[in-house]
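Read off the chains here:
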Amino acid sequence: MLKTSPFHPRTAPLVQAQTWRRWSGFQMASSYDPHPAREYAAIRNAAALFDVSPLHKYRITGRDAVRLLDRVVTRDITKLAVGQVYYTPWCDVAGKVIDDGTVSRLDASTYRMTSADSSLRWLHLSARGMEVSIEDVSAKLGALALQGPLARAILAQMSPADFAKLGYFRLVHTTVRDIPVTISRTGYTGDLGYELWVDVARALELWDALIEAGIPYGIVPAGVWALDIARIEAGLIMLDVDYFSSHHALIEARKSSPFEINLGWAVSKAKGPYTGRGALEAERARGAKWGFTGLEIDWESFAALFAEHHLPPQIPEVAWRQSAPVYRFGEQIGYATSGCWSPLLKTSLALAHLEAPHFAPGTKVKIEITAEHRRRTADAVVRKLPFFDPERKKA
Amino acid sequence: MSARYDAIVIGGGHNGLVAAAYLARAGRKTLVLERRPLIGGAAVTEEIFPGFKFSVFSYVVSLLRPEIIRDLDLPRHGLQILPLESTITPMENGDYLGSWSDPDQSREELRRHSPRDADAAAIFGRLMHHMAMAVKPIIGMVPPDPASLSPRDLMGLMRLGGHFRSLGGERFHALHKLMTMSSADYLDEWFEFDTLKATKSASGIIGTFLGPRSPGSAYVLLHHYMGEIDGAFRAWGFQKGGTGAISGAIASAARAHGVEIRTDAAVERVLVRGEQATGVVLASGEEIAASLVISGLDPRLTFTRLVDPKVLPDDLVEGVRRYKFRGSSGKVNLALSGLPNFTCLPGVGPHLRGAVSISPSVEYLERAYDDAKYGEFSEHPYMDIVIPSMIDPGMAPPGKHVMSIFVQYAPYALNGGWTDAKREAFGDAVVKTLARYAPNIESLILHRQVLTPADIERITGLSEGNIFQGELALQQLFFLRPVPRWARYRTPIEGYWQCGAGTHPGGGIMGASGRLAALEILKASGR
Numbered sequence: 003m004l005k006t007s008p009f010h011p012r013t014a015p016l017v018q019a020q021t022w023r024r025w026s027g028f029q030m031a032s033s034y035d036p037h038p039a040r041e042y043a044a045i046r047n048a049a050a051l052f053d054v055s056p057l058h059k060y061r062i063t064g065r066d067a068v069r070l071l072d073r074v075v076t077r078d079i080t081k082l083a084v085g086q087v088y089y090t091p092w093c094d095v096a097g098k099v100i101d102d103g104t105v106s107r108l109d110a111s112t113y114r115m116t117s118a119d120s121s122l123r124w125l126h127l128s129a130r131g132m133e134v135s136i137e138d139v140s141a142k143l144g145a146l147a148l149q150g151p152l153a154r155a156i157l158a159q160m161s162p163a164d165f166a167k168l169g170y171f172r173l174v175h176t177t178v179r180d181i182p183v184t185i186s187r188t189g190y191t192g193d194l195g196y197e198l199w200v201d202v203a204r205a206l207e208l209w210d211a212l213i214e215a216g217i218p219y220g221i222v223p224a225g226v227w228a229l230d231i232a233r234i235e236a237g238l239i240m241l242d243v244d245y246f247s248s249h250h251a252l253i254e255a256r257k258s259s260p261f262e263i264n265l266g267w268a269v270s271k272a273k274g275p276y277t278g279r280g281a282l283e284a285e286r287a288r289g290a291k292w293g294f295t296g297l298e299i300d301w302e303s304f305a306a307l308f309a310e311h312h313l314p315p316q317i318p319e320v321a322w323r324q325s326a327p328v329y330r331f332g333e334q335i336g337y338a339t340s341g342c343w344s345p346l347l348k349t350s351l352a353l354a355h356l357e358a359p360h361f362a363p364g365t366k367v368k369i370e371i372t373a374e375h376r377r378r379t380a381d382a383v384v385r386k387l388p389f390f391d392p393e394r395k396k397a
Numbered sequence: 029m030s031a032r033y034d035a036i037v038i039g040g041g042h043n044g045l046v047a048a049a050y051l052a053r054a055g056r057k058t059l060v061l062e063r064r065p066l067i068g069g070a071a072v073t074e075e076i077f078p079g080f081k082f083s084v085f086s087y088v089v090s091l092l093r094p095e096i097i098r099d100l101d102l103p104r105h106g107l108q109i110l111p112l113e114s115t116i117t118p119m120e121n122g123d124y125l126g127s128w129s130d131p132d133q134s135r136e137e138l139r140r141h142s143p144r145d146a147d148a149a150a151i152f153g154r155l156m157h158h159m160a161m162a163v164k165p166i167i168g169m170v171p172p173d174p175a176s177l178s179p180r181d182l183m184g185l186m187r188l189g190g191h192f193r194s195l196g197g198e199r200f201h202a203l204h205k206l207m208t209m210s211s212a213d214y215l216d217e218w219f220e221f222d223t224l225k226a227t228k229s230a231s232g233i234i235g236t237f238l239g240p241r242s243p244g245s246a247y248v249l250l251h252h253y254m255g256e257i258d259g260a261f262r263a264w265g266f267q268k269g270g271t272g273a274i275s276g277a278i279a280s281a282a283r284a285h286g287v288e289i290r291t292d293a294a295v296e297r298v299l300v301r302g303e304q305a306t307g308v309v310l311a312s313g314e315e316i317a318a319s320l321v322i323s324g325l326d327p328r329l330t331f332t333r334l335v336d337p338k339v340l341p342d343d344l345v346e347g348v349r350r351y352k353f354r355g356s357s358g359k360v361n362l363a364l365s366g367l368p369n370f371t372c373l374p375g376v377g378p379h380l381r382g383a384v385s386i387s388p389s390v391e392y393l394e395r396a397y398d399d400a401k402y403g404e405f406s407e408h409p410y411m412d413i414v415i416p417s418m419i420d421p422g423m424a425p426p427g428k429h430v431m432s433i434f435v436q437y438a439p440y441a442l443n444g445g446w447t448d449a450k451r452e453a454f455g456d457a458v459v460k461t462l463a464r465y466a467p468n469i470e471s472l473i474l475h476r477q478v479l480t481p482a483d484i485e486r487i488t489g490l491s492e493g494n495i496f497q498g499e500l501a502l503q504q505l506f507f508l509r510p511v512p513r514w515a516r517y518r519t520p521i522e523g524y525w526q527c528g529a530g531t532h533p534g535g536g537i538m539g540a541s542g543r544l545a546a547l548e549i550l551k552a553s554g555r
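Line order of the protein sequences matches chains A and B.
For the first sequence, position 21 matches number 23 in my numbering, and the numbering has no gaps at all.
For the second sequence, position 202 matches number 230 in my numbering, and the numbering has no gaps at all.
No lab work stands behind these hints, which were simulated from the structure alone.
Take the hints with a grain of salt, since some may be wrong.
[Unchecked claim] Okay, derived cross-link-like pairs now, DMTMM-like style, lysine to aspartate or glutamate, Cα gap no bigger than 20 Å in a straight line:
{"id": "1", "chain 1": "A", "residue 1": "348", "chain 2": "B", "residue 2": "394"}
{"id": "2", "chain 1": "B", "residue 1": "428", "chain 2": "A", "residue 2": "300"}
{"id": "3", "chain 1": "A", "residue 1": "348", "chain 2": "B", "residue 2": "483"}
{"id": "4", "chain 1": "B", "residue 1": "352", "chain 2": "B", "residue 2": "483"}
{"id": "5", "chain 1": "A", "residue 1": "348", "chain 2": "B", "residue 2": "101"}
{"id": "6", "chain 1": "A", "residue 1": "366", "chain 2": "B", "residue 2": "342"}
[To be verified] Chain B residues, not near chain A, derived (Cβ > 12 Å throughout):
{"id": "7", "residue": "101"}
{"id": "8", "residue": "104"}
{"id": "9", "residue": "121"}
{"id": "10", "residue": "217"}
{"id": "11", "residue": "309"}
{"id": "12", "residue": "429"}
{"id": "13", "residue": "457"}
{"id": "14", "residue": "468"}
{"id": "15", "residue": "487"}
Just so it is clear, CB atoms sit at the ideal spot from N, CA and C, and this is done for glycine as well.
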């Protein structure tokens with residue numbers, strides 16, 4: 003049996019078409035409606051409520067907590083203020099990414115790390131000789147993401163916290179209808195949004211309260227299909243889809259450095275020693291071999307592939323995750339790892355690994371498209387990520 | 029004469045704005061003049077009751093051309109179309125017919141009423157798909173004139189001919205039937221379930237003074253399927269913020285290309301010197317010069333009010349006189365304190381996020397038309413109802429709702445004319461009819477706005493209150509819209525053009541008329 007989230011008793015009855023998926027060993031909803039259109043629309047129009055409890059969560063305390071985290075991740079944790087959150091990758095000694103996640107500073111000496119993969123062993127290995135306690139709190143904490151332009155309006159009427167003051171990537175310990183929660187202004191949608199961290203004992207209460215208060219604001223429980231479209235629009239990478247953990251990659255070619263997955267900005271130049279520093283600084287100096295970037299697929303050339311068969315263009319309603327070769331001047335110069343039709347931007351998007359020097363924005367490339375069983379190519383243009391970046395995200 | 033503007037567009041409706049945006053995009057210095065204090069024409073959002081926003085007239089986006097969305101980059105300017113998921117039709121026996129976003133669910137719902145129809149629907153859908161694919165290119169085509177021998181028209185006709193030949197026999201015959209039959213008769217050939225036929229045929233009568241049993245009403249069935257071809261593009265649904273936000277997005281794109289937009293600027297007439305348009309005069313007396321003047325208004329206003337019809341050929345003036353407006357629909361907008369409770373599907377459910385069609389039977393619709401034929405509004409009208417606040421919570425205060433009710437029939441030429449009392453009686457008939465299916469509706473109403481065709485004409489300027497700038501009937505479509513020989517956006521006056529929904533292809537928030545007009549103008553003036 004797969005594990006179920008603390009919100010499962012509420013989410014399970016909503017799944018109309020048994021559209022479940024596996025996520026870190028949990029049984030989670032791909033979508034609640036048979037189709038994700040409405041759930042996606044809520045992210046960009048109202049508020050979508052996601053159960054993100056399968057994230058791995060670690061509570062790190064002790065004298066050397068900051069030393070440990072600073073050694074592991076590529077950002078400078080000594081600069082992380084109380085109530086602040088960093089999004090960051092972490093690497094092996096060769097500078098290849100193991101995982102990406104968040105580090106939150108809950109108080110002066112307590113940190114929480116979230117990760118897609120289990121990171122307990124790596125944290126312990128890295129903590130050798132340090133005075134630090136690493137607790138896997140994954141099963142103790144439920145996590146919900148409330149994402150969308152009306153997310154703040156919903157929370158503001160339920161919580162005494164001052165949401166006008168809660169900045170992007172900041173957190174607050176507060177209550178929601180008297181339920182103790184930590185609320186961070188974070189998410190995986192590229193929109194205005196929050197993540198709520200709650201003791202599993204109060205999880206269902208929190209769900210019920212959010213739904214009840216959210217209905218007048220159009221709250222919609224949403225699954226991973228909707229999330230996947232939003233995160234592609236936001237240009238956010240996904241482990242095991244867009245890149246592989248260096249701990250799991252079977253061959254070298256499947257490993258990526260932060261520079262190669264558009265996370266070069268998160269590799270601190272100034273900080274002290276940390277795992278992978280030497281390799282990363284050398285790579286920074288010589289320039290990355292690969293870039294990770296957006297592709298926008300040209301509609302006319304895409305539609306033409308289907309028009310040849312007297313068909314209207316076929317657009318998948320969920321994001322695709324199979325690799326698609328990308329060409330320039332007739333040579334393969336990379337591959338796209340995920341993509342979707344953006345219902346908001348009304349265009350086909352993809353996230354792609356492209357070899358230098360082909361990843362400059364505006365570069366014209368071709369991407370493989372299968373149209374009526376035939377492998378063809380459509381025109382595409384390299385775009386800077388994110389595709390969609392509304393002001394409200396940080397405002 | 030040196031013009032301050034290259035082009036002036038009269039009327040800030042969505043087609044006028046689209047035309048202006050395309051002209052400016054091609055480097056023309058363009059001015060849009062709008063009579064009202066707000067742009068959008070019939071695609072406007074107004075807060076007519078504090079806190080409640082209404083798409084006052086046009087209320088859903090249908091067939092907005094994907095090429096316009098792309099060319100003008102409308103998503104970056106605020107276009108955000110939200111899914112309108114379902115349609116339910118309450119039946120007189122207390123049951124309902126539902127059509128949902130999931131095709132399997134819809135088919136099984138139909139099977140509940142008629143297993144035969146459930147199977148037929150799939151085959152009917154395939155046929156309609158093929159015909160919609162065949163007809164769709166016409167929307168993007170400047171109509172060739174079949175009576176002309178010019179090479180360009182002949183080329184256009186040959187392309188069209190080849191296009192139809194590629195359909196094959198069976199589909200060509202079906203298309204011919206679709207063009208000539210009534211929707212009721214056409215649907216009778218396929219289906220047995222009355223409520224299904226009524227709901228499908230309702231789309232064929234919208235905005236037209238025809239009943240479901242009137243010949244020529246069948247072809248509009250195709251429009252729905254044309255929408256489905258574009259369905260992938262999701263170019264239909266509910267615009268966030270109401271239809272005014274679509275106008276806003278187009279206006280924003282137009283401004284980004286340098287278009288200037290003036291509101292409260294009613295054009296009195298077009299200035300014509302010799303046979304050349306030279307600019308416009310505003311109601312204020314202000315004269316503005318331009319070498320191109322493009323009217324987004326309907327054909328009656330374009331040819332008989334903005335210019336002196338005496339300067340126009342008699343056959344054109346006569347054609348415009350014959351062109352049928354006959355507004356046949358009204359609109360009731362309600363501010364509600366809560367949600368309606370439909371007897372057929374009690375409580376709050378997904379059906380409230382879609383359309384509710386009051387079209388229980390073909391006979392119901394035809395009787396509604398009978399009232400109108402003899403100069404009365406329908407006592408029990410056809411209604412297409414949506415609750416926009418269920419899709420976009422920003423349309424009403426939290427927990428409150430707005431309801432948009434499209435109502436047919438309400439004839440422009442009402443016996444004795446429209447009066448305040450008649451308007452309210454019409455509003456009462458609508459609410460009373462709705463209360464048969466949702467009895468709590470009356471107790472929820474905080475505010476009611478009733479719009480008759482006379483009101484639509486008064487507020488938007490649309491002649492006789494016709495929402496499409498003239499009926500979308502076969503005799504005034506394609507190379508006949510608005511008038512034979514003048515279906516290519518030109519007028520006999522040099523530099524004076526038409527771009528409204530009264531030109532091909534017209535109707536709905538498509539923007540195609542505005543785009544095709546602009547491209548034609550640019551072609552003529554050598555871009």
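Hint check:
{"no.": "1", "hint": "A/348 / B/394", "verdict": "violated, 40 Å"}
{"no.": "2", "hint": "B/428 / A/300", "verdict": "violated, 42 Å"}
{"no.": "3", "hint": "A/348 / B/483", "verdict": "violated, 36 Å"}
{"no.": "4", "hint": "B/352 / B/483", "verdict": "holds, 18 Å"}
{"no.": "5", "hint": "A/348 / B/101", "verdict": "holds, 9 Å"}
{"no.": "6", "hint": "A/366 / B/342", "verdict": "violated, 55 Å"}
{"no.": "7", "hint": "101", "verdict": "violated, 9 Å"}
{"no.": "8", "hint": "104", "verdict": "violated, 8 Å"}
{"no.": "9", "hint": "121", "verdict": "holds, 27 Å"}
{"no.": "10", "hint": "217", "verdict": "holds, 25 Å"}
{"no.": "11", "hint": "309", "verdict": "holds, 40 Å"}
{"no.": "12", "hint": "429", "verdict": "violated, 10 Å"}
{"no.": "13", "hint": "457", "verdict": "holds, 31 Å"}
{"no.": "14", "hint": "468", "verdict": "holds, 18 Å"}
{"no.": "15", "hint": "487", "verdict": "holds, 29 Å"}
This entry does not satisfy hints 1, 2, 3, 6, 7, 8 and 12, going by the numbered hints stated previously.
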